[in-house]
Structure formats: structure tokens, C-alpha cells
Amino acid sequence: MAAIDKHAGSARIVPLTREHDDYLHDESRSHGEAESISFPTTEGEIRAVLRALHAAGTPVTVQGARTGLAAGAVPHGGHVLNLSRMNRVLGMRRDDAGAYFARVQPGVILSELRKNLHARSFATEGWDDASLQALRALADAPEQIFPTDPTEASACLGGMAACNASGARSYAHGAMRQHVNALRLVLATGDVLALRRGEQRACGRHLTLVTEGGTTLEVELPAYEMPACKNASGYFVEDDMDAIDLVIGSDGTLGVISELELALVPAPAVTWDVSCFFTVEHDALDATVAMRHELGCAAAIEYFDGAALDVLRRQRAESTAFSSLVEPPADAACCVYVELQCASEDEALAELARLGALLERAGGSAEHTWVARTELDREALTFFRHAVPESVNMLIDERRRIDPAITKLGSDMAVPNERLHEVMDLYRTTISEAGLEAAAWGHIGNNHLHVNILPRSAAEYAAGKELFARWARAVTDMGGAVSAEHGVGKLKRDFLEIMYGYQALAEMARVKLVFDPRGQLGRGNLFDEELLDSLRQAGALDGDAEKGGA
Amino acid sequence: MHIVVCVKAVPASTEVKMDPVTNTIVRDGGDAVVNPFDASALELALRLREERRAAGEDVRVSVLSMGIPATERLLRDCIARGATDALLLSDRAFAGADTLATTHALTCGMCELGMPDLVLCGKMAVDGDTAQIGPELAGALDMACVADVRTLMACANDAVTVRAGGDAGVSLVEATLPCVLTVAKEAATLRMPSIAGVLAAEHATVDVRGAAEVGADAARIGLAGSPTQVVRSFVPEQQAAGVEVSGDAIGQARQLVRIIGEVA
Ligand SMILES: Cc1cc2nc3c(=O)[nH]c(=O)nc-3n(C[C@H](O)[C@H](O)[C@H](O)COP(=O)(O)OP(=O)(O)OC[C@H]3O[C@@H](n4cnc5c(N)ncnc54)[C@H](O)[C@@H]3O)c2cc1C
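Protein chains in written order, with the numbering used here: chain A, 3 to 552; chain B, 123 to 386.
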């Protein structure tokens, strides 16, 4: 390790010791290893760290808040570049149309940004005049929000951009991609690429980019077509694409996002959350399809199946921390949760009437619903929704104590709208054939459910993994995506190959090597390290790497 | 059976701020909500109705409030959650009422609604914290009163059995009807309304009456009817400065033991 214990600006690269154990895993609960770690606080420090590591070609894993579920931030040797101390909001902008933008460091935690926006109060030290002026204008403007909500509010914005996070409200607001207006990307050499939406476009599938250091990157974009559904599987590519979209969702493999400009949107005047209970799953699917057609203000359409509700019921009964959970009705077999964002109460009432009527038609009932209109009720439903993944994680942890081979097995696949019933059929039939226990929840409005296998033994865990591979093939055949929001990271690599094929993976890897010639960044994310190394050795693109670079 | 639940609109913010100059509660423009203790009382009433309905009896749950006209919205929400009807006492003449004047107004409201078999109040309101309305109502209506009800065990036609808190712990109490119960927050969590409930409540009438309409005695309501004088209200100042414990772990532990010894 060439650079251990040397100063890199003021961000020291220090040996990774036992006190840093936390930095070897993320929420996917997989563990990695690394030799050194740094905690830069500025872009300059990121650059210095990367420059120091580039000469030796040391692998670098970028970390945000480590809430990722695909092990993207879990190191595969080398250095951990942790951005949690890059947590400042750097400024604000108001454009001529009155839209607001926040400029943030990548380690800003989503919940903190939300708090700042709600209070319209920021630590403004170092802000320029234009930013201060925008902040003054914000004081009298309608409340602004950042709409991406990946459930886990302790995620940071750099991490969310790196895996194109989305979550419930992406039904109406789209994924992270739609709300990143500009970003700065530090390359493995320490050079910087500044990208702003609308300013650097591909010509067909070819992209030419010039770094601030004056280096030209010629990028041959892969030839694959992306699925027509929610998608966070591999690089975003399409004809004449905006260069910024290549970086968003790149899972820390192209460079380190050191700054983001986020597009804010006005807060909806009225937000009501409605939980609709059903006794038959098929009815819930029919209702979902009807909601898509008939509701004009739905920001989120979410689902909790019977097993997920049972996990909650058990958790509520057994754990005091969860005893204040609202109790799902005894006869409820599943629940569709709708968030309505409306311009007025009248509009919300009209929407509620439509929702009630369509529920009755679909086999549900306007009676078997919870309408949360007050802050208190909405908080209760938020707790309810968050308690589902949390409780399942706790259940898995419990089983893991009995058999350490058991870990979390959660799917993240999406299909086009017309395939919803088909994919649910697939899940139900194959789970029951395999005799596995599973709980499903997630973003049914986007035909995107997290089906979680709850293995009781190592054998069941293996069977669950096999099932996932089978689903990946079937979902690909349906024109779907193997990862819709968590990113591919290290855990869903094999699925990416199933989805796009080896040739496409090689094309993606070549893109990576243009940005990162030594294959240092996010090793193990998206591609097998062997694929990367063999491409490098074949000298496919790498003129620079073997010469010693920076 | 007729149950009346008394509800009060309180500021949504849990942190009540006092104006040090005027000695009044600072309403920081946050939305008003139903006092959380009253919400628990309403839930108890709705459960009681469900139980008795299952046994074939019809139970009327009325909500009653004295407040500004905007309180109507909260009462409509109570109807959405299952209350049968609502009465809002709203009049400038009611303004500035202390608990005694409020009690008189609520008693008039009760006459207007029809005398109840059971009156449920929150144990206290989160903004005023007096816990006086329930017992005062019982006095005015000449009913028994059980305060700080934690569990409603059973309710028959002529009596109700509850577990209630007190200085000495929790006691099991039976009271004959009609009576007043004041309800602790932990007694129940108010249910959410259904879509059907919300839509139906939009068409329901919330009766709004002024002081004269309910026959209130002008000398016994509002500021004029309030013997309570708030001379000063203040947040108790912190009594002692903090002590910093420093040094190594063992040294700190020793200091802590000494401090605890001094206090105990
Ligand atoms: C309970 C729970 C529920 C969740 N629900 C959802 C959901 O509904 N929708 C959803 O989309 N996600 C969900 N997630 C996943 C998670 O919140 C997101 O994936 C999140 O966006 C990751 O952010 P992070 O800061 O924790 O990133 P990390 O986990 O630290 O990193 C994620 C990836 O991004 C890379 N990265 C991080 N920062 C940078 C940077 N500055 N530059 C370049 N690369 C970087 C890392 O190398 C890694 O590959 C959930 C997670 C949990 C724990």
C-alpha cells in the first residue's frame, strides 16, 4: 500500500483498523475488507486522496451513508473513500422561472436536507451572494421539497444519485435522475468532470467529454436498449443521451460525485395517505391497475402482502418498540397504500371519491380503508410502512443467529405495466412450489415489488437464490429490469448478465475503463473483476494505465 | 345509550410556548388538532358503541366542543372517524373562559344535545394542562367522576367498570351511570377514518350554536364568568447548573458515584 499514512490535503489516508469495522458493510449485510480509509471534507481532498492512490492503482470503494442494499459500498480490498463528512449544503439557486435548486456535497443526509428545507434554514457559511439572495426569496416562496424518497431517510444524496434511488414517490416524481440538474465527478486520476443537464449530449451512441484538466474522453456507449419500466440496472444509455445520465446510477464505478445540484419542487398543498385493505391479492392487483388509470393525484402506490402484514402483527405483539404500530384489520390479507398529493382539499376529496368507487368495483371496499389526513395519522402510516422492511430484517437477523449462512434475500425487479398480474403469478407459484416463506412489499404502482425470501435454513437460502436467478430470466423475458432502484452493486451482478448478456457487460466495462483506466473505482460493482482485468490486459482501451498515470 | 365526548382544539405543536410578556400561549400558526387525550376518549366511545351494537343496541356518540369557528373542521373529522353528530359552541361571548366558564358552556351544550348516559373527556388538554374540566363537569351535572381512566373494563346499562390511575397506583373502580370519565392517552389510540367515513362526513351537519342559542348565562361564560386570574405564567428556570465530569473512565465513574451519593 503506497499511500498509507500520508497526508492527502487534510484528509488523511489512514490504515483501516478495528475501530473502522462499521465501514466494511452496508445495509445488505454483506461484509468486505480494505486496508485504508479516508474521510475527505472537500472536493480538493477527494482529488488529493485519489491522486495519491492512482499511481499504485489501489482499488477505491466510495461510500455514502452505507444504506445501500446491493453491497455497492462494501469494499473489495484497497481503500475506502467515505464521504459522510462532506455534508454541507453549498448554496442555492433560483432560476428565471422561479424554480429552486440546492447545491450540496454528496454526504448530505436526505433527512437533514428535508429538515433544512422545511425550516427554510441552512448553515450559510461560505455561501455566495446569489445563494443568499435565493435563500431570502425562498423565505416568501411556497415550501420547496426534494421529492425523491427512498424510504431510508438516512441515505445521502451522493449515494442516492450513484444508485439512482427512487422509492415510493417515484410513481409520480420519477427517480433521482429526474432531480439531479448538475454534478461534479472526480475521476480516478484526480481530474474533474463537470456535467450540467442539457449541456453535454451524446451524438447517437458516442459521447465526447472534456475534463477540467483538459483531457478528452471518447466514450463508445453500449448498444443495448433499456427496458420500458423503472430501472437501475447497469449504465443508463440511449441515443443522443445527456452525459449526466450516464453518471447517475453508475454505482460508484465511473468516478466520485463530489457535488450535486438538485432540482427542488413546491410542496403539494394537500397530502393524504390512504391504506386500502383487501381479502384477496388478485383484487388488490386489479385495484392497482384501476388506480393507474383513474387517479390523477397519486404520488405513490405501494403494496404489502399478507405475510408482510403478519410480520408486522407479530412485531407489534412482541416488541415494545413497535407496540404503538396501528394494527392491520384482522381479516386483511393485503394492503395497497396510496399517497395523494393534491392542489386543494376539494381536489383531494374528489380523488378520494374516485378511489372509493374503484375499490368497490375491484372487490375491495371504501369502508376497509384508513385515510390519514392529519400529521399524526400520516406519521402513524409512515411508521407502519417503515416497520415492514425493518421487521423483516430483524427476523432475518434472528434466524442468522441460528444459522450464519442465512442472509437477506430481497428482490428488486420491475416489469412493464401490462405484466403485473403475470409477474405476481410467477412469484406466487414458484415460491409455493419451492416451499419457501416469503414476504412481499414495495412499489406496485411501478410493478416493482421487493419479494423477500425468509429462509429458515442454509438450504432454503440456496433455494431462494436459485429462485431469484429464475425470476431474473423470466422478468427479462417480460421486458423488465433485474434491479429497479437499489442498483446492481455486487449482489446483482449475475442478474445484470442475465438481463443484458455478456457482450453488453463488456461494452459497459469498456465505458468504465474510459473513465477509470485502471479499474480502481467500485471494484466488484456491476462487473466481475475478472472481466475488467481481462479487458484491461487485452489492452482494449488502456493506453494510460500501465504507464503510471497521474 | 348516549355518550358525549368533549373535545378541544389545541395547537399541533407539542411544544407549548408561552409569551413571557402577555402570559398567554403563543399560537405559532401551526394547525390545530384534537387534544390527544380527547382523541383517546373518542376512541373509547367508538369501541363501546361497536361492542353494544354487536349486542343489538344503538349507541349515539356526540362530540361537543367550545371553540373558534375553525374548530368545525376538527368536529367533522370526528364524524368521519365514527361520531354520530357534533355540536360546536362558538361565540365571541365564550372567549377568555377559564375552566369554570368553559364548564358552564359545555353543560349548556350537553342540554342542547340531550342528557348523556356517559360523558368522556380527555384527562387534560396539552395546552392548558389543568385536568379540571372533567371533574367540574361532573359537579355541574351532578354525576360521579372517575379521572385518569387507563382501561375501560366493562360497561353495562347502569354502571361502568374502569381501571384508573391515582397517586397510590391503579385502582379498579365501578361507577353508576350517568357519570363522567376523564381518559388517559394510553387508554386507546384513535382510529383513522375510512374513505366512506370521510365522504359521508363532508355531507354531515356540524351544529354551530352561539351563547344565547344554548341559553348560556352571560354572567357565567367567557372572561366575565371566569374567576381565575392568571397573574404570571412562566417556564420554571433550571435550578442548578450542570456539573462536568471529566478525566479517565475510572475517575469519571468515581465522580459519578460521589455525586449520586450526595443526591441520594
Ligand atoms: C430499510 C431500507 C429501505 C430502502 N428502500 C429503498 C427504496 O424504497 N428505494 C430505493 O431506491 N432505495 C431504497 N433503499 C436503499 C438505499 O436507501 C439507497 O440505495 C440509497 O440511495 C443509498 O445511499 P447511501 O448514501 O447509503 O449509499 P451507499 O450505500 O453508501 O452507496 C451506494 C452506492 O453508491 C456509491 N456511491 C455513494 N456515494 C457516491 C458518490 N458520492 N460518488 C460515487 N458513488 C457513490 C457507492 O459506491 C455504492 O455503490 C432502502 C434501504 C433501506 C436500508
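In short, the hints are calculated from the structure, not lab data.
Keep in mind that a hint or two might mislead.
Derived, one-sided and incomplete: chain B residues facing chain A with beta-carbon distance under 10 Å [stated by the list, open to error]: (1) A134; (2) G236; (3) D239; (4) L312.
Every residue gets a Cβ at the ideal spot worked out from N, C-alpha and C, and that includes glycine.
Consistency of the hints with the structure:
| no. | hint | verdict |
| --- | --- | --- |
| 1 | A134 | 6 Å, holds |
| 2 | G236 | 28 Å, violated |
| 3 | D239 | 27 Å, violated |
| 4 | L312 | 9 Å, holds |
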